[in-house]
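Number of protein chains: 2
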Amino acid sequence: MSDVYVVGADLIKFGRYPDRTPAQLGAEATLLALDDAGLNIGDVGALYAASTFNAASMIAQQILFQIGQTGIPCVNVSNACAAGATAFREAFIAVKSGLYDVVVAVGAEKNPAGMLSAGNSEGPPPEGLFGSGTMPALFAEAGVIHSAKYGTTMEQFAKVSVKNHHHSTMNPKAMYQKETPLDEVMASEMIAWPLTKLMCSVNVDGAAATVLVSARKAKELGLGRAVRVRGSALASDPWESRNGVLMNTNSVTRLAVATAYEMAGVGPEDLNLVELHDCFATAELLHYENLGLCGEGEAGALIDSGDTALGGRIPVNVSGGLLSKGHPIGATGVANIVEIVMHLRGEAGARQVAGARLGLAHVLGFGVGVGAAGVHILEKA
Amino acid sequence: MSDVYVVGADLIKFGRYPDRTPAQLGAEATLLALDDAGLNIGDVGALYAASTFNAASMIAQQILFQIGQTGIPCVNVSNACAAGATAFREAFIAVKSGLYDVVVAVGAEKNPAGMLSAGNSEGPPPEGLFGSGTMPALFAEAGVIHSAKYGTTMEQFAKVSVKNHHHSTMNPKAMYQKETPLDEVMASEMIAWPLTKLMCSVNVDGAAATVLVSARKAKELGLGRAVRVRGSALASDPWESRNGVLMNTNSVTRLAVATAYEMAGVGPEDLNLVELHDCFATAELLHYENLGLCGEGEAGALIDSGDTALGGRIPVNVSGGLLSKGHPIGATGVANIVEIVMHLRGEAGARQVAGARLGLAHVLGFGVGVGAAGVHILEKA
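Quick note, the sequences are listed as chains A and B, same order. The letter at position 133 of the first sequence is residue 133 when you use my numbering, and the numbering goes up by one with no holes. In my numbering, each residue's number is its place in the second sequence (first place is 1) plus 1000.
Just so you know, these hints were derived from the structure itself, not from any lab. Even glycine gets a Cβ: it sits at the ideal position worked out from N, Cα and C. Watch out, some of these pointers could steer you wrong.
Covered, in the sense of this in silico footprint (three residues per stretch, anywhere, with C-beta under 8 Å from a C-beta of chain B), are these stretches of chain A [what the hints assert, rightly or not]:
| no. | region |
| --- | --- |
| 1 | 66-80 |
| 2 | 364-370 |
Reference listing, derived: stretches of chain A covered by chain B, where coverage requires no fewer than 3 residues with Cβ under 8 Å from a Cβ of chain B [as the list claims (entries may be wrong)]:
| no. | region |
| --- | --- |
| 3 | 49-56 |
| 4 | 91-97 |
| 5 | 231-238 |
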C-alpha cells in the first residue's frame, strides 16, 4: 500500500518580517508542523523547501541549520508561484517511492519588493521579468476577455475580493483581518481595469510547512487527524504557445486538475472546499470554470449566488486567499494545502467548513511565457 | 521490481556560449540524450532541471518550450554545485515511485562571471556570498590542513591537475584539450597556496542530460546499452557546525557515500572508475579519502602511484574533471553521471576505462556555511 498521509501542517502569520531571514521563517513553520505531528526533526528522512527567490541560497539546508542539522537530503525547489505545490508533490513522491517514512515539505519566502502585486507593493513591478505585460495587466486582460465573452461585470470580480477579505477576518494568520465592503473595493485605486488595488493579492513574507508520512507511519501515529493525499498533479503549458495569460491559465490549470481528478477518482461535485490561486480577483472567477466548479461563462453567476462563500455549497478561499491572507510566492502552495488539512480535521475554528471530507488546493505559476499549475486533492483519513 | 535504468545520456561541449540562453543549452543536451535513448519528448513523463542560477526563471519549462511543450510536470531544482545530482536523484525517485516510466534529468547553466573559480574567471569572486572565505581560499585551507597533518606536498596537489588535463585531451566535449606539465601547473599564477590558477576549476557554460526509465520500459527498449542505478544518495551537513570546508567536506561527502555504498551493496574496492568533484586540485585528494579509495592520509601517495590515472587501478576523472572539462555549476552533477554511463557502455572512445562495470559519480555543493553532497553508483545492466 503506497498511500501517503499528511500528519502535520501549520503556517506562521503572513506579514512583514524585515528583521528575519526566509530560513528563519521556514524553520518556525517547520517546527510548528512537526509539533503538530508529534514528531521531531530526528524523525524526518528528507526535507523539501520551496522558495522561488531563495532556492539558490540552499534555503532547505539553512532551515535545517536553524532547527538542528541531521544530514538528511535537502532539496531546494523553484517553480514561480507553483513552487510550494511542487515541493509538496516531490515530498509526496519521495514517500510514495518507499525511500522515506517521514518527509517535510516547507515553503518560505521573502519577496523582492514590487514583485507581482503592483497594487499592494512598495515599488513598480519588474516588467522586464514578464515580457510584454506586468502580472496585474495580464490578469486584468483575462478579466476583460471573460467580460467581453460572457458579460461578466466589474462588480462580480470585485465580489471575490469582498468575500475573501471577509473570510480572512476569521483567520488570525492572515495578513489582514478587515472587511472590505463592495463600494470600498470598487472605489480603491485603479491598477488595471477591472482590477483595483483591493483586487490584487498582497505581497507578504510567509512560511508554511507540512509533514508527509507513509501508510505504515500514519497507522503508527494513529489515523485520527491524518489526511490522505488522493490526487497530486503538476502540469506545464500543454501546447506551443505564448498566447497570453487567459489561454495559458486555462490550459495549464485544466490539465493539472483533470490529472488530479482522475488520480483521485473524484470530480468537482465531490469537493467540500477549495483553496485556489486568487492572485487577482479575475483569476478566482476564471478558476471556477477551470476547476469545473461551474460551467463555461457561469463564474459571474456563481460568485453572485454566494455558493463560494463560507456556508455556501462549495466555499472557496475561506483562508482569505492570496487577496487577503497574502501571497508569499514560494510558500503559497504549501499554505493552501495547510488550510485544506485544517478543515478536513475540523480544526479551522470560526471559518470551519462544516463536515468537510474532501478538499482541493490549487496554485498557478508564471515565468516568461511559460507556466506551472499544481493541484492536490486531500481527504479525511 | 522497482529498479531504475539510464537509457540515454549526453552533454554538449562545455565552453562559452555568449549568444545562447541556458535553456537553449539545456534543450540541446536533452535532445541529444533522448536521441541516444531512441525516444522523443512525447515519451517523457516528467522533466527535472538543475540550474543553480537559473532555476527561478523556470528553466525546465523554458527547455520544454524549446523542444516542444507537452504539458508534463516540470521541476526546477537548485542545490549549489550539487544541483545536478539532486535533479537526477529526484528523477530517479519519480521513476521508482511508479508514477512515470520515462523521466528526463537535465542540468544547464551559464554561470555569473567571477563565480567560484577565481583562477579562470573574468572577475573577482563574490566573497559576500560565501561569508568569510572565497571558494579558492576555503579549498586551499583544506589542502594546507591536509598537508600539515599528513605531509602532502604542493607537487602532489598539482599532479591532480596534470592528470585531469591529460585526461581531457581525449574528451572532445571538454572545455580544454591541452596537456599541462607539472612545471607549468606549479608555475602558473598563485591564487591561494597551494592552489595555482591551473589547479582551479574552469568556469564554463554547459549542459548535460540523462533519460531514466522503469525496469519495464528498459526491457522494452532492450537492456543492451542500459545502465542500472544501484545507489543514490544525497546528504546535507550532518552536524551543527560551520566549521569550514575541510570538516564539512569530510562530513557531508562521507555521509552521502556511506549511504550510497550501503544502498548498492558495494564498497570502494568494487569500483572501476570514479568521477568526483575536483572543483580544486586539493578537493580531489581529500575526496580520495572521503570516498574510501585509500586510507586516511594516503591520498598523496595514491596520486603519486598513478593508480587514479587512466590505465591505473581506479581511474578518477577520466573526463578531464571540473579542472579541465569545466564546471557549469548546475550541469556538473549530471555531466559526471553521463561520463560514468559512457564508460559502462564501452562508448568512451580513447579514454575508455577497459571493462568498466561499476562506477561512482560524486558532487559537492556549498552555500553559506551549509552544503550538499550527491553520490550515484551505476552498473552495467
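For each hint, the structure was consulted:
Only when three residues or more bring their CB closer than 8 Å to a CB of chain B does the claim for the region 66-80 of chain A stand; here the count is 13, and the claim holds. Counting residues of the region 364-370 of chain A whose CB lies closer than 8 Å to any CB of chain B gives 5, so the stated coverage by that chain holds, three being the minimum. Counting residues of the region 49-56 of chain A whose beta carbon lies closer than 8 Å to any beta carbon of chain B gives 4, which reaches the threshold of three, so the coverage claim holds. Look at the region 91-97 of chain A against chain B: 4 of its residues bring a Cβ nearer than 8 Å to a Cβ of that chain, three or more, so the hint holds.
Figure legend: the region 231-238 of chain A, annotated as covered by chain B; annotation consistent (6 residues with Cβ-Cβ distances under 8 Å, at least 3 required).
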